[in-house]
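Undergrad: Protein chains in written order, with the UniProt record's numbering: chain P, 1 to 257; chain C, 1 to 303.
Keep in mind the hints are simulated off the structure, nothing from the lab. The beta carbon of each residue, even a glycine, is placed where N, CA and C say it ideally should be. Among these hints, one or two may not hold up.
[Said to hold, decoys possible] Here are a few chain P residues that sit away from chain C, every Cβ distance over 12 Å (derived from the structure):
id	residue
1	E13
2	I41
3	G43
4	G46
5	N48
6	H55
7	M58
8	G92
9	M93
10	G146
11	R152
12	S193
13	E225
[To be verified] With a cut-off of at most 25 Å between alpha-carbon atoms, the simulated SDA-like pairs for lysine to any residue come out as follows:
id	chain 1	residue 1	chain 2	residue 2
14	C	K126	P	F182
15	P	K204	P	V242
16	C	K126	P	P178
17	P	K204	P	K254
18	P	K254	C	E3
19	C	K122	P	Y89
20	P	K254	C	K126
21	P	K204	P	P227
22	P	K204	P	F64
23	P	K254	C	E80
24	P	K204	P	I192
25	P	K254	C	A5
26	P	K254	C	G56
27	C	K123	P	W14
28	C	K82	P	L252
29	C	K126	P	K204
30	C	K126	P	G92
31	P	K204	P	G229
32	P	K254	C	V58
[Said to hold, decoys possible] Pair ranges (Cβ atoms, derived):
id	chain 1	residue 1	chain 2	residue 2	range
33	C	R64	P	R152	47 to 55 Å
34	P	G243	C	R25	43 to 51 Å
35	P	W25	C	Q164	37 to 45 Å
36	C	R64	P	L24	48 to 56 Å
37	P	A3	C	A118	33 to 41 Å
38	P	N48	C	S129	58 to 66 Å
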Amino acid sequence: MSAENARRVLLSEWTKIRSVRSTLWTLVTAIVVTVALGMLISGLIGHNFDDLSPHERMTFDPTFISFAGTSLGQLALIAFGILVVSNEYSTGMIRASLTAVPVRGVLMAAKLAVAAALALVVGMVTSFLAFFLGQSVLGEHSTDIGQPGVLRAVFGGGLYMGLIALFAMGAAWTLRSPMLSFGILIPFFFLISGILANVPATEKVGHYLPDQAGSRVMRVMDDGEQPYGPWAGLLIMTIWVVGALLAGYAVLRKRDA
Amino acid sequence: MIELAGLTKRYGRTTAVQDLTFSVRPGVVTGFLGPNGSGKSTTMRMILGLDHPSAGQVRIDGRRYHQLADPLTHIGALLEAKAVHPGRTAYHHLLCLAQSNDIPLRRIDDVLDLVGLAGVAKKRPKGFSLGMGQRLGIASALLGDPRILMFDEPVNGLDPEGIQWIRNLMKRLAAEGRTVFVSSHLMSEMALTADHLIVIGQGRLLADTSMARFIEENARTFVRVRSPDHERLRAALERAGGRPRQCPDGSLEIEDLPAARVGELAAENDVVLHELSHQQASLEEAFMRLTHESVEYHARAGR
Ligand SMILES: Nc1ncnc2c1ncn2[C@@H]1O[C@H](COP(=O)(O)OP(=O)(O)OP(=O)(O)O)[C@@H](O)[C@H]1O
Ligand SMILES: [Mg+2]
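Isolated chain P, as found in the complex (with noise of 0.2 Å):
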């Protein structure tokens, strides 16, 4: 396929996202969701700092903290995900968009790609934001991005947020109903994958969830229970979503449409 070839599909693919008012309102919801949650509980901890144990105040992370609304937030942007692809399945659309780019690689790889810019791009606003703004609200006990591994742990959460997105895509091609996704993506990651990595019976595997271990990357001060590093676990995260990924393209390339 030619560079001319990819630039007008990934145009195509720009203009489906971009005009369809529901999906961008999902953008909208996480970067409005993740940086205020951060805001409302940094304040409360910043207020209540004095109250915490000893060792809470030891081990305290203030770049964390203005994280905490990243596991709300968070299902915003995987329904962004879901919506992007599997709105073609329930609409109809998709027959369209095979017959106008019937090489169905080429259609899934376009897609990604700017569904995937764009959710990492929010997630990069929504990291940043909610990180100046936690901090701002935390008063005497923020931190700020010159600190060592502050930087790396900002960063490291637009990058999360872009690759639960892509989980989320995967996941979507995999299963092509919009039902079906929402169903199970988010009572997993709004619910299940925390038990599951919070539970001793359970803990060891849980900790290798790709929200689980992909979360590592955020904080700055080691809690000791993840058995991998920032970077691993990044790593951890990313092979889950090359794993949804092709799933998801074995699925488009054999079923009818």
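Take the given structure of chain P and dock chain C with the ligands to it, following the hints.
TA: Coordinates of chain C with the ligands only, in the frame set by chain P:
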């Protein structure tokens, strides 16, 4: 030109399309006729590479669908099921299709004008009526100014004026030398538009013939006559060399005597007539006979 060779599609244990081999030629409207569930839509989806054939293949101007560069400029299709995002305006729907196939953007306004949707270009199709949705699908098919057009039941949801419009559109496209392939389950509709006819039943090819030939072979004409004394009438007709057939409603059908002769015979024999009419069996009946036989045959063969 669309060429199918041994095209077959199985869904689990049901065979939707079986060993279809035919060509759709340019310059004429080719009707694709079959009762509900006979495999028309499945065949069309396979032509577009949306469904993978279980066996056989399709060529579009000699190439496989995915080998076409900018396929929308070669073949445009209106499918049975909606293929539009209801939250994306008509204009943006056409824009994303045009961009992917390097179609000049002025074509968007041209086709919206042509199908009569210029006024709602900036509206989202979720508020469109069935007919407007259908028109947007037709606009998508025409967007790339393709030499081959395929319409799956295009008159669905259109009002009489819309039906007239699509008929004329298809004829005009064919007159411009394009290949036009249109499906329907109504013979009467096809008789008005199609020059060539492909009939399938239960996924199998039943007829591949010109419309004129089909009419000639199947449009049976006969005389219907009704009388309170049909025994005497029948005897008179038989003496004159006719072979009247008794109908369940008590009337007689005669194929080998003209209406005038039947009237004369009745008068000569002093038989009172309650009806004397010239009849033409509808093409619809011919079509039903053709497909019904296939259904029966397969039901028995399946045992
Ligand atoms: N995705 C599918 N999975 C299973 N069976 C299918 C699928 N699509 C079609 N079929 C079956 O294949 C057969 C042909 O269906 P198809 O829709 O092609 O018929 P059709 O000629 O277009 O009918 P209609 O006039 O009602 O539109 C039917 O028996 C249908 O149930
Ligand atoms: Mg159909």
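Undergrad: If a hint holds in the structure, say so; if it does not, say that too.
TA: For each hint, the structure was consulted:
1. With a cut of 12 Å on Cβ distances, E13 (chain P) falls inside the contact zone with chain C, its closest approach being about 8 Å.
2. Taking the minimum C-beta to C-beta distance to chain C, about 34 Å, the non-interface status of I41 (chain P) holds against the 12 Å cut.
3. The claim that G43 (chain P) is not at the interface with chain C holds, since no C-beta of that chain comes within 12 Å of its own (minimum 37 Å).
4. Once the 12 Å rule is applied to beta carbons, G46 (chain P) is consistent with being away from chain C; the minimum gap is 42 Å.
5. Even its closest Cβ contact with chain C, about 44 Å, leaves N48 (chain P) beyond 12 Å, as expected for a residue assigned away from the interface.
6. Residue-level check passed: H55 (chain P) sits 51 Å from the nearest beta carbon of chain C, beyond 12 Å.
7. Look at M58 (chain P): its CB is around 51 Å from the nearest CB on chain C, clear of 12 Å, so calling it non-interface holds up.
8. Against chain C, the non-interface label of G92 (chain P) is violated: not every CB pair exceeds 12 Å, the least being about 5 Å.
9. For M93 (chain P), the shortest C-beta to C-beta distance to chain C comes to about 5 Å, within the 12 Å cut-off, and the non-interface label is violated.
10. No beta-carbon of chain C is positioned within 12 Å of the beta-carbon of G146 (chain P); the least distance is around 44 Å.
11. For R152 (chain P), the condition that its CB be more than 12 Å from all CB atoms of chain C holds, with the nearest at approximately 38 Å.
12. Annotated as non-interface, S193 (chain P) keeps its C-beta farther than 12 Å from every C-beta of chain C; the closest such distance is 31 Å.
13. Every C-beta of chain C lies more than 12 Å from that of E225 (chain P), the closest at about 43 Å, which supports listing it as non-interface.
14. For the proposed pair K126 (chain C) and F182 (chain P), the alpha carbon gap of about 22 Å is at most 25 Å, so the pair holds.
15. Between K204 (chain P) and V242 (chain P) the alpha-carbon distance is near 22 Å, which keeps this suggested pair within the 25 Å criterion.
16. Simply put, K126 (chain C) and P178 (chain P) have alpha-carbon atoms about 18 Å apart, close enough for the 25 Å limit, and the pair holds.
17. Between K204 (chain P) and K254 (chain P) the alpha-carbon distance is near 35 Å, which puts this suggested pair outside the 25 Å criterion.
18. For the hint pairing K254 (chain P) with E3 (chain C), the CA-to-CA distance comes to about 23 Å; that is within 25 Å, so the pair holds.
19. Simply put, K122 (chain C) and Y89 (chain P) have alpha-carbon atoms about 23 Å apart, close enough for the 25 Å limit, and the pair holds.
20. This hinted pair does not check out: K254 (chain P) and K126 (chain C) have alpha carbons roughly 31 Å apart, beyond 25 Å.
21. For the hint linking K204 (chain P) to P227 (chain P), the alpha-carbon distance of about 9 Å falls within 25 Å, and the restraint holds.
22. The straight-line distance between the Cα atoms of K204 (chain P) and F64 (chain P) is roughly 22 Å, inside the 25 Å bound, and the hint therefore holds.
23. For the proposed pair K254 (chain P) and E80 (chain C), the alpha carbon gap of about 22 Å is at most 25 Å, so the pair holds.
24. Simply put, K204 (chain P) and I192 (chain P) have alpha-carbon atoms about 15 Å apart, close enough for the 25 Å limit, and the pair holds.
25. The straight-line distance between the Cα atoms of K254 (chain P) and A5 (chain C) is roughly 22 Å, inside the 25 Å bound, and the hint therefore holds.
26. Annotation: proposed proximity of K254 (chain P) to G56 (chain C) holds, straight-line Cα distance about 17 Å (limit 25 Å).
27. Between K123 (chain C) and W14 (chain P) the alpha-carbon distance is near 19 Å, which keeps this suggested pair within the 25 Å criterion.
28. Simply put, K82 (chain C) and L252 (chain P) have alpha-carbon atoms about 20 Å apart, close enough for the 25 Å limit, and the pair holds.
29. Between the alpha carbons of K126 (chain C) and K204 (chain P) the distance comes to roughly 48 Å, so the proposed pair goes past 25 Å and is violated.
30. Pair hint K126 (chain C) plus G92 (chain P) holds up; C-alpha atoms about 13 Å apart against a cutoff of 25 Å.
31. Using a Cα cut-off of 25 Å, the hinted pair K204 (chain P) and G229 (chain P) holds, with the two alpha carbons roughly 15 Å apart.
32. At most 25 Å may separate the alpha-carbon atoms for a hinted pair to count; K254 (chain P) and V58 (chain C) meet this at roughly 18 Å.
33. With their beta carbons about 49 Å apart, R64 (chain C) and R152 (chain P) fall inside the hinted range of 47 to 55 Å.
34. Range check, G243 (chain P) to R25 (chain C): about 48 Å between beta-carbon atoms, so the 43 to 51 Å window is met.
35. With their beta carbons about 42 Å apart, W25 (chain P) and Q164 (chain C) fall inside the hinted range of 37 to 45 Å.
36. A C-beta distance of roughly 37 Å is found between R64 (chain C) and L24 (chain P), which places it outside the suggested range of 48 to 56 Å.
37. Under the hint 33 to 41 Å, the C-beta atoms of A3 (chain P) and A118 (chain C), about 35 Å apart, fit the expected range.
38. A hinted range of 58 to 66 Å holds for the C-beta pair N48 (chain P) and S129 (chain C), which are about 59 Å apart.
Against the hints set out earlier in the document, violations occur for numbers 1, 8, 9, 17, 20, 29 and 36.
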